[in-house]
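Start from chain V and add chain U according to the hints.
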Amino acid sequence: MSNPNMSVNIAGVTWKNPVTTASGTFGFGREYAEYFDLGELGAVCLKSLSSEKRLGNKSPRIAETNCGILNSVGLQNPGAEYFLENELANLRKYDTKLIANICGKEIEDYVEVTEILGDSVDMLELNISCPNVKSGGLAFGTDPKTVEEITRRVKAAAKVPLIVKLSPNVTDIAEIARAAEAGGADCLSLINTLLGMKIDIKTRRPVLKNNTGGFSGPAVMPVAVRMVYQVRCAVSLPIIGMGGISSGEDAIEFILAGANAVAVGTAGFIDPLAWIKVRDGIYDYLVENNIDDVNDLVGMINLN
Amino acid sequence: MLCKLISKKNTVGNIYDFTIEAPEIAKTAKAGQFLHILCGGSSYLRRPISICDVVGKSVRFVFEIRGKGTEELAKRETGEYIDLLGPLGNGFDTSVAENSDGAIILLGGGIGIYPLYKLAKELGGKATAILGFRNAAAVTHTYEFQQSCRDLFVATDDGSAGYHGFATDVLKNIAASNNIAALYVCGPTPMMKIAAEIAAEKEIPAQVSMEQRMGCGIGACVTCTCNVGGSNVRVCKDGPVFWAKDVNWNE
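Protein chains in written order, with the numbering used here: chain V, -15 to 288; chain U, 3 to 253.
This is chain V alone, in the form it adopts within the complex:
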């Protein structure tokens, strides 16, 4: 009777299994906690936090595409201090690791959120890749020099391991990954959403009020797997892979490409138990293939 190990070590933080949530798809956990115990997950990655409250963009903020969605929420959030006072204690009831995703307009804003959060969470994820905000966000994530600088500045202020979340909206993802590594990142996560657009041909207007938005869901998965593979070849940091994962099989592709852990997001909008199904699917694959430890599978792609 095999009982494969599912536990992973991500930058010194032990997760009971390699599955977490993609920031912005899981709120602060309250909603999905009505469907399953958050302690079933290796980690919970929270909705992006800024130093000040953000109202976000106007609606419509979501559009359906073939096998995916576009969103333009615009990082609506109640601010880091509100989170500490009103959400953190509830999340700490669950036996899981907490990752706070942080955003800002200027580098100073990121540093400020990092200082506010301190060591209240287990890990930080630097959001330099959101396509839905006019300043900051994507602008930081597409230039290697800026990526290195913001990573260095936030790392200096961080009291917990720092994940840098990479944008796919770049020509060379490996170059950005190396820049984050040079800046002192402890871990990389990818991909954030791809910049997209959906047009209503009756009105000839974009469906999203913001005109463009972030593309996610099963349709983006091959792009994400390719990028995880390229980043795995470029750096030795742990990688959290994400982008369209809906099943254990999908997650295994990411792990084979070089991800140490995976995040599930959009799939949860269709099935609130998607995270649990992905976790169980990974486990089933290990059992079926006589693999003792999920870590043994990382990067074990056989190239042609």
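Just so you know, these hints were derived from the structure itself, not from any lab.
Heads up, some of the hints might be wrong.
No more than 20 Å apart at the CA atoms, straight line, and that leaves these computed lysine to any residue pairs for SDA-like [to be verified]:
#, chain 1, residue 1, chain 2, residue 2
1, V, Lys42, U, Thr144
2, U, Lys123, U, Glu82
3, U, Lys70, V, Met181
4, V, Lys182, U, Gln214
5, V, Lys186, U, Arg215
6, V, Lys37, U, Lys70
7, V, Lys193, U, Glu82
8, V, Lys42, U, Lys123
9, V, Lys193, U, Pro192
So these bits of chain V aren't anywhere near chain U, every CB distance computed over 10 Å [as the list claims (entries may be wrong)]:
#, residue
10, Asn(-11)
11, Arg45
12, Asn50
13, Asn55
14, Glu71
15, Lys89
16, Asp106
17, Pro190
18, Gly252
19, Tyr267
20, Ile285
For glycine and all other residues, C-beta sits at the position ideal for the given N, C-alpha and C.
Showing chain U alone in chain V's frame:
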């Protein structure tokens, strides 16, 4: 959960009336709450559809084919199982209607009339319904409203049935000479906006059921927002029913 489709009717045009076997939902469902339905085919996201009625262990919802999700849903046949979440969201607050002597008005437009049917039953037949349709060919479900309401007024945009004009015109006429205790509105946003203006002018407590493109349906993705009380609130979790006076209609 998977619920068996036990009855399917194409009433008029592209309007479909489905009844599913859903004892758990039937137990708690309130007027104004919705089901989040996986339609299948090439549609990806679930579709939010209001609950129209509950009878025993069965739950009824009525929808119009508007896109590829609802088109796919309309293809489902009796005996098949439908994947849905619910009941979701907050229902109408009937306490204002119950504690006052004035008229209780249900104002519905197009497919917005259906959540008001369940509300009419919850209000024990005391409400007056004003239902607006595009034209006579689109008029449907009026007999049921007539059975479960004190009065029924029908309006059509082109005058081919009932009052010639908007349902909000009928509301205006009623409000001019009657004391209205409560107003419940569900329909196109421009209609709800006019209703909200009439309610504000006459100081009528009014609730509206907002519609927005939706993602998860349970409050996590924060995509289906509308501006209420100066904040972008979630239609799925904080609504879909809101007090009309709190909604920023100019957003």
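Outcome of the hint check:
no.	hint	result
1	V:Lys42 / U:Thr144	36 Å, violated
2	U:Lys123 / U:Glu82	28 Å, violated
3	U:Lys70 / V:Met181	19 Å, holds
4	V:Lys182 / U:Gln214	17 Å, holds
5	V:Lys186 / U:Arg215	17 Å, holds
6	V:Lys37 / U:Lys70	37 Å, violated
7	V:Lys193 / U:Glu82	37 Å, violated
8	V:Lys42 / U:Lys123	36 Å, violated
9	V:Lys193 / U:Pro192	18 Å, holds
10	Asn(-11)	30 Å, holds
11	Arg45	4 Å, violated
12	Asn50	7 Å, violated
13	Asn55	6 Å, violated
14	Glu71	13 Å, holds
15	Lys89	18 Å, holds
16	Asp106	21 Å, holds
17	Pro190	12 Å, holds
18	Gly252	7 Å, violated
19	Tyr267	24 Å, holds
20	Ile285	28 Å, holds
In the structure shown, a violation is registered for the earlier hints numbered 1, 2, 6, 7, 8, 11, 12, 13 and 18, in ascending order.
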